[in-house]
Structure formats: C-alpha cells, structure tokens
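Asker: Heads up: the sequence lines are chains G and F, in that order. For the first sequence, the residue numbers in this note's numbering are 564 to 679. For the second sequence, the residue numbers in this note's numbering are 51 to 164.
Any given hint could turn out to be false.
Among the chain G residues that face chain F by a calculated CB cut under 10 Å, a handful are [stated by the list, open to error]: (1) P606; (2) Q613; (3) S621; (4) P672; (5) G673.
Each computed DMTMM-like pair below joins lysine to aspartate or glutamate, with the alpha-carbon atoms no more than 20 Å apart [what the hints assert, rightly or not]: (6) G:K634 to G:E591; (7) F:K156 to G:D649; (8) F:K151 to G:E615.
These are calculated hints, taken from the structure and not from any lab test. Glycine included, each C-beta is placed from N, C-alpha and C at the ideal position.
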Amino acid sequence: DTGVSQDPRHKITKRGQNVTFRCDPISEHNRLYWYRQTLGQGPEFLTYFQNEAQLEKSRLLSDRFSAERPKGSFSTLEIQRTEQGDSAMYLCASSLPRDRGISEQYFGPGTRLTVT
Amino acid sequence: AQTVTQSQPEMSVQEAETVTLSCTYDTSESDYYLFWYKQPPSRQMILVIRQEAYKQQNATENRFSVNFQKAAKSFSLKISDSQLGDAAMYFCAYLYGQDDKIIFGKGTRLHILP
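If we strip away everything but chain G, and leave its shape as in the complex, we get (with noise of 0.2 Å):
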C-alpha cells in the first residue's frame, strides 16, 4: 500500500493525559498537512509541513498541540493534558509541491480521538 497511513485509527483517552498521533507520507512527497474534522463538519487545517519545516499553525493550534516531522518523513501530531473538546477526527494529507499547477492533497485514513 503506496498511500497515505496513520496510526493508531482510534484511540480512547481520558482527560488530561497526552497522546500521539503518527502519519506517514506517500514516500515521495514533501509537504504534510494536518487537519482536523469534528462531527457534522468538514475537515479545518492545524498545521503544514514542507519537508522538515512547519510553515504554517492554523490559530486553531493551541499551545497543548505539537506536530513535528523529523528528516522530512513521517510526522507526529501530539497532543497534551487532553480535553473533551479535542474530541475529533485527525486528518494528515500529503502532497507535492506545486512548481506548476495544482497538486492534489492525498488524504489518510485518520485517527478517531475520543476524550472521555
């Protein structure tokens, strides 16, 4: 399988403790986008990563959010001291750059928190 991967698909928390969340890139692309998607909405961008860089955090980051990509590879989205408001679906997409035209964000699977 060549796609989009992430890790784990669900995960079952109680408030105030930490998790982390991992996806894994099509080999070849170097820009990785988290979003995240509540119930009965469409998915909201957190954050980008071109390479090893984050270029961007989306204002819905909160200081307990954390997402890295070392080497360019995979990333990891971590969140701390867990509320029953992060209670969603982590949505990671990855893509090429586009030096002409558009290209197409390819999405994974996504990891179903729940905060009880």
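Following the hints, put chain F in place on chain G, whose structure we already have.
Answerer: Relative to the frame of chain G, chain F by itself:
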C-alpha cells in the same frame, strides 16, 4: 476571509438518476482552485473533481461534472447515473496560496436509493 458554504446537509437520489450538489464560496483571490471530495463512511477522503479558477471550461470526470460560475462564486457538482457506491459525504473545497491550504465546506451527505 475565504469561506465555503454547502447549503444542503443531506440529499437523496434514486439510483440511476442525476443529482446536483450546491456550493458557494467567498474569496477576494483571483488565483485559486476548487474541488469536490468524497468521504465514504469510515473510509478515506478522495478527490472527485477539480476546477482551476482561470479555466472557463467546466471540468468533467466520467459521471461527475461541475457547473463553475466564477462571477457568482458558485461551484455545483452534478452526478449522473447515480450508483450505490456514490453514497458518501461530499465536501466542496477551496484551495489558495502557495501553501496550498484547503478550506472545506460542511459537507452534503448523499444517499442513493435503490
């Protein structure tokens, strides 16, 4: 600020019939792209069709076509000969900027009636 609005939370269509999903957007940008994504239940989001804003010709992909009205900032999706496998959430999306950030609408859940 850029926004994407899908005014139809749910729609139903008889199998083999045609259905149109509506989308409007707001932007002051001149260079952008519009998409329709499909998200089947518990499955990955996949791109259905894309439209470059600078192109006047409406995009078509097999049974899927769009009606892009740039002046009206409207971007509807037409699905012809609906199939059971078309049942999914459909998201209208807008992409802008060199960072290729995407703004999604809230989605339309499409039911296919056998």
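Asker: Out of the numbered hints, which ones does the structure contradict?
Answerer: Of the numbered hints, all hold.
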